[in-house]
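Protein chains in written order, with the numbering used here: chain A, 2 to 459; chain B, 22 to 379.
Keep in mind the hints are simulated off the structure, nothing from the lab. C-beta: ideal position from N, C-alpha, C; glycine also. It cannot be assumed that every hint is accurate.
Taking lysine-lysine pairs in the BS3-like style, the calculated list, with each CA pair at most 25 Å apart, reads [to be verified]: (1) B:29 x B:242; (2) A:10 x A:120; (3) B:322 x B:274; (4) A:108 x B:242; (5) A:129 x A:10; (6) A:108 x A:196; (7) B:122 x A:108; (8) A:108 x B:343; (9) B:29 x A:120; (10) B:144 x B:122; (11) A:254 x A:108; (12) B:256 x B:208; (13) B:144 x B:256; (14) B:33 x A:108; (15) B:256 x B:242; (16) B:343 x A:133; (17) B:274 x B:208; (18) B:208 x B:33; (19) A:108 x A:120; (20) A:6 x A:133; (21) A:129 x B:339.
Reference excerpt, derived from the structure (chain A facing chain B, CB under 8 Å, subset only) [stated by the list, open to error]: (22) 86; (23) 91; (24) 95; (25) 99; (26) 101; (27) 139; (28) 141; (29) 293; (30) 447.
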Amino acid sequence: MKHEKQLQKYRAQLVREGVLHSVIFGMLTGAVIGFITFLVGAFTRTNVLWVGLAVTIVIAAVASWLFYRFRFRPTIEAVARRIDLNGLQERTITMVELQHDDSFMAKVQRENATQELSKHTFQLVHAKAFLKPLLVMLCALILMGGSLGFMITQVNAAIDDPPITDEPTDDEIFQEMIDELLSIINNANIDVELKSELYGMVVDLEARIPTYDTYMEKYTDVLETRNEILQLIEDNILELEDSLMNIAEELQKYETTEVLGLALATWDDDQIIAAFEYMYDRIDELLGQELYDDMLQTAIDIETALADAAGTDEAMAAALQQLADAYRAAIEDFQPGDETETLDDFQVGQDAALQELLAAVQALRELVEELMELQEELEEEIEQVDEFPMFLPWPEDDDSGEEPNDPDTTSENMVIDGETPYEDVYDSYYEEAMDWLTSESLPEEMRQIIENYFDMLK
Amino acid sequence: MVNENSLKQFSKKSDLIFEQLKRDFIGQEEVVENTVIAMIAGGNILLEGVPGVGKTRLVRSLGRVFNLPFSRIQFTPDLMPADVTGTNIIVKDDKGNSKFKFQPGPIFSNIILADEINRATPKTQSALLEAMQEHTVTVMGDTMALNEPFFVLATQNPIEQDGTYPLPEAQMDRFMFKLLITYPNLKELNEIVSMTQITMEEVAESVCNAEELLEMRKTAKEIPVASEVQMYAMKLTMATHPDSEVAAAVTHKYVRYGASPRAAQALITAGKVRALINGRFNVSYADLNTLASPILRHRIKPNFEAITEHVSTDDIIKQIIKELGHDTPEPTGNHRPQAPTSPDDVEGKTKKSKKDRK
């Protein structure tokens with residue numbers, strides 16, 4: 002029917018209006034929920050950015066649908082009422098109510114209403130109808146944005162300011178130091194004997210710590226144990242270095258092995274290879290008895306050097322012995338005229354010994370490097386820890402009432418009037434200076450200068 | 022049964038009625054329109070106005086236009102009920118026997134002008150009650166039907182209230198409209214004087230009779246009312262009651278008693294007539310809003326606060342309409358023919374066609 006088409010045309014306008022209103026109110030609802038979500042995140046200092054955005058979008062979508070479905074979806078009656086507001090004087094709504102009425106008057110009314118509808122084209126939707134809801138939605142979005150910014154600020158503040166924890170107790174501090182020492186020793190590549198010894202020292206330290214009464218006693222023991230560990234590591238390094246230098250010096254005593262000794266002293270693989278080549282070249286031109294004597298002498302010199310060198314590394318000693326065996330094996334069934342065959346056999350043995358020696362030197366070199374790294378790490382760890390200053394402040398929580406070690410030292414400052422002997426005031430000034438040093442951030446060099454000054458005075 | 026012919030007839034007759042009335046009655050278009058609406062709807066009118074504004078002339082013109090007998094009853098304090106309704110008198114028959122014969126009073130007419138009704142005693146006023154509502158008169162146990170259509174137009178003077186008997190609420194409720202005739206403006210007064218210098222007699226011609234009027238009444242009754250428009254009429258009525266669920270804020274403040282259900286009936290009935298007069302085939306909110314004041318103003322009892330603050334019932338009704346939220350203005354371009362602009366146009370306008378009038 003004509004009037005139905007007319008009404009449908011106007012209904013399309015109101016559907017668009019309804020959708021737009023629903024979206025605006027849906028977004029308004031989503032923005033309010035988002036505002037609350039971000040506010041909760043701000044007060045709990047939790048980053049809820051994605052959660053909040055997701056919630057906002059989902060709520061906005063669902064709310065938009067609900068608003069359209071239950072509030073803004075236009076019925077035909079609503080369309081009729083809106084049309085009538087344009088001066089049709091309730092013709093349309095009456096027509097809609099009587100649409101199923103076939104009486105004469107209903108028909109006349111329908112015809113009259115349809116005629117009036119046809120005369121005009123109404124714009125049912127006006128932009129200013131959206132103004133107020135849009136403004137409210139905008140305010141809600143601004144509020145949501147503000148709460149989002151507040152949440153981000155609070156979360157960032159929480160990252161920059163980690164939660165304040167209670168200061169550790171003295172026992173916790175010492176335990177931490179001990180744990181760090183254990184960790185370093187555990188990760189170090191040192192021989193088992195040394196590692197066991199170092200573990201033992203730390204375990205003994207752990208056992209002793211609780212027996213002390215004062216902070217100073219505990220600290221002193223930790224410091225001494227630490228120094229002892231460092232010293233043992235350093236001695237081990239020196240031993241390893243010495244082991245190589247000893248055999249190198251012994252080999253240098255003999256003409257046949259002098260070059261090899263010089264090469265070993267450099268720790269350089271190329272030098273060692275060059276020395277082996279020299280030793281081969283030396284006997285390459287020899288013939289008969291001369292060859293036999295020289296090779297035998299060389300074997301004897303190597304074995305003598307090994308016997309005379311103390312603490313030689315086992316792998317290195319085995320490699321050198323293998324070299325000596327290569328000489329002996331080559332001349333075992335020597336006959337004049339067999340020089341070539343002898344040298345060939347010797348070269349095979351010499352090459353094998355060379356590989357073993359290089360490996361031994363490499364292993365030794367790595368071991369020394371690891372130990373030096375371990376030593377450096379220990380020293381660095383100790384320097385970084387605040388509780389390991391060079392000079393410890395007098396503990397604040399010391400209730401033992403213990404007097405300072407020197408009974409002649411007074412704990413109060415004394416006025417220097419030019420006549421008071423410095424010995425009388427040295428201790429107190431020393432303590433004050435040390436207190437100050439530990440509380441101030443000074444470069445290590447400056448700290449050392451001050452310590453040296455007081456040592457000099459003492 | 023309403024058909025196309027009856028609608029055409031209604032439109033034609035209503036145009037002619039207004040045209041003729043305007044020949045005798047200058048200005049007061051709202052009063053004239055509401056009077057015609059009341060006649061077609063079958064209601065009674067209470068006219069309030071100062072003397073000399075044309076109340077009697079209007080009623081006489083109505084009588085001429087509708088070709089209906091007209092009675093004027095001047096209400097005075099000594100007027101008796103029997104003077105209105107009639108009474109039995111003793112007469113002698115042919116044989117000389119005495120018997121009672123009913124002598125009908127002036128109420129036995131179609132149009133009754135009850136002039137200054139508030140001057141008569143309540144007992145005399147109540148003589149009109151049955152006639153206005155039931156269109157019957159009961160005298161000494163005998164009920165007699167009045168002529169149809171029956172229409173009472175009562176008047177009262179708002180100035181001289183001394184020695185008067187205010188109409189009881191029950192009787193006020195019987196009037197469909199209470200119309201206020203105001204003093205004419207300068208232009209209208211000039212026209213009135215110019216016209217009456219020619220002749221004081223009414224010149225309106227008869228364009229409708231009783232049967233046609235009743236037919237118009239039947240036609241108007243068929244006009245449909247949308248359910249929400251009807252509900253609006255109910256809300257308008259109920260909003261005048263301070264205790265109702267839809268009472269307006271202004272009602273709570275200024276009203277003591279609200280309108281009766283007759284007001285709601287009057288709104289719908291008169292609304293249908295007004296719609297059809299204006300060429301519409303449905304009742305609108307504007308119809309109800311326009312008729313609200315004439316229908317409700319005499320049915321609302323203001324309280325003491327309204328009296329002391331000089332808040333009239335018309336003010337209260339306007340505020341109620343505003344609060345109900347359907348106070349859309351009526352579009353311009355009325356269907357009805359315009360009033361003649363000078364006495365010379367009075368003769369010439371009668372024969373114009375409906376098309377020309379539009």
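Here is how each hint holds up against the structure:
Between the alpha carbons of residue 29 of chain B and residue 242 of chain B the distance comes to roughly 15 Å, so the proposed pair stays at or under 25 Å and holds. Only pairs whose Cα atoms come within 25 Å are accepted, and residue 10 of chain A paired with residue 120 of chain A is accepted, the gap being roughly 14 Å. For the hint pairing residue 322 of chain B with residue 274 of chain B, the CA-to-CA distance comes to about 12 Å; that is within 25 Å, so the pair holds. Distance check on the hinted pair: residue 108 of chain A and residue 242 of chain B sit about 16 Å apart at the alpha-carbon level, within 25 Å; holds.
Among the hinted pairs, residue 129 of chain A with residue 10 of chain A is consistent with the structure: their alpha-carbon atoms are about 21 Å apart, no more than 25 Å. Taking the CA atoms of residue 108 of chain A and residue 196 of chain A, the gap is about 111 Å. The hint is violated against a cut of 25 Å. About 53 Å separates the Cα atoms of residue 122 of chain B and residue 108 of chain A, which puts this hinted pair outside 25 Å; it is violated. Of the supplied pair hints, the one linking residue 108 of chain A and residue 343 of chain B is violated, its CA atoms being roughly 33 Å apart against a limit of 25 Å.
Restraint check: the Cα-Cα separation between residue 29 of chain B and residue 120 of chain A comes to about 22 Å, which is no more than 25 Å; the hinted pair holds. A distance of roughly 23 Å separates the Cα atoms of residue 144 of chain B and residue 122 of chain B; the hinted pair therefore holds under the 25 Å criterion. With a CA separation close to 137 Å, the supplied pair residue 254 of chain A and residue 108 of chain A exceeds the 25 Å bound. For the proposed pair residue 256 of chain B and residue 208 of chain B, the alpha carbon gap of about 39 Å is over 25 Å, so the pair is violated.
Pair hint residue 144 of chain B plus residue 256 of chain B does not hold up; C-alpha atoms about 35 Å apart against a cutoff of 25 Å. Simply put, residue 33 of chain B and residue 108 of chain A have alpha-carbon atoms about 21 Å apart, close enough for the 25 Å limit, and the pair holds. Taking the CA atoms of residue 256 of chain B and residue 242 of chain B, the gap is near 21 Å; set against the 25 Å cutoff, the hint holds. Under the criterion of a C-alpha separation no larger than 25 Å, the hint pairing residue 343 of chain B with residue 133 of chain A is consistent with the structure, at around 23 Å.
Pair hint residue 274 of chain B plus residue 208 of chain B does not hold up; C-alpha atoms about 40 Å apart against a cutoff of 25 Å. Distance hint between residue 208 of chain B and residue 33 of chain B is unfulfilled; the C-alpha atoms sit about 29 Å from each other, more than 25 Å. With a C-alpha separation of about 19 Å, the suggested pairing of residue 108 of chain A with residue 120 of chain A holds against the 25 Å cut-off. At roughly 32 Å between alpha-carbon atoms, residue 6 of chain A and residue 133 of chain A are farther apart than 25 Å, so this suggested pair is violated.
Restraint check: the Cα-Cα separation between residue 129 of chain A and residue 339 of chain B comes to about 28 Å, which exceeds 25 Å; the hinted pair is violated. Annotation: interface hint on residue 86 of chain A holds; nearest CB of chain B at approximately 7 Å, less than 8 Å. The restraint placing residue 91 of chain A at the interface with chain B holds, with a minimum CB-CB distance near 4 Å, inside the 8 Å limit. The criterion of a C-beta within 8 Å of any C-beta in chain B is met by residue 95 of chain A, whose closest approach is roughly 4 Å, and the hint holds.
Checking residue 99 of chain A against chain B: minimum C-beta separation of about 6 Å stays under 8 Å; hint holds. Evaluation of the residue 101 of chain A hint against chain B yields a violated restraint, the C-beta minimum of about 13 Å exceeding 8 Å. The restraint placing residue 139 of chain A at the interface with chain B is violated, with a minimum CB-CB distance near 28 Å, outside the 8 Å limit. Using the Cβ-Cβ criterion of 8 Å, the hint placing residue 141 of chain A at the interface with chain B is not satisfied: the shortest such distance is roughly 28 Å.
The restraint placing residue 293 of chain A at the interface with chain B is violated, with a minimum CB-CB distance near 133 Å, outside the 8 Å limit. With its C-beta approaching chain B no nearer than about 87 Å, residue 447 of chain A sits outside the 8 Å limit, and its interface hint is violated.
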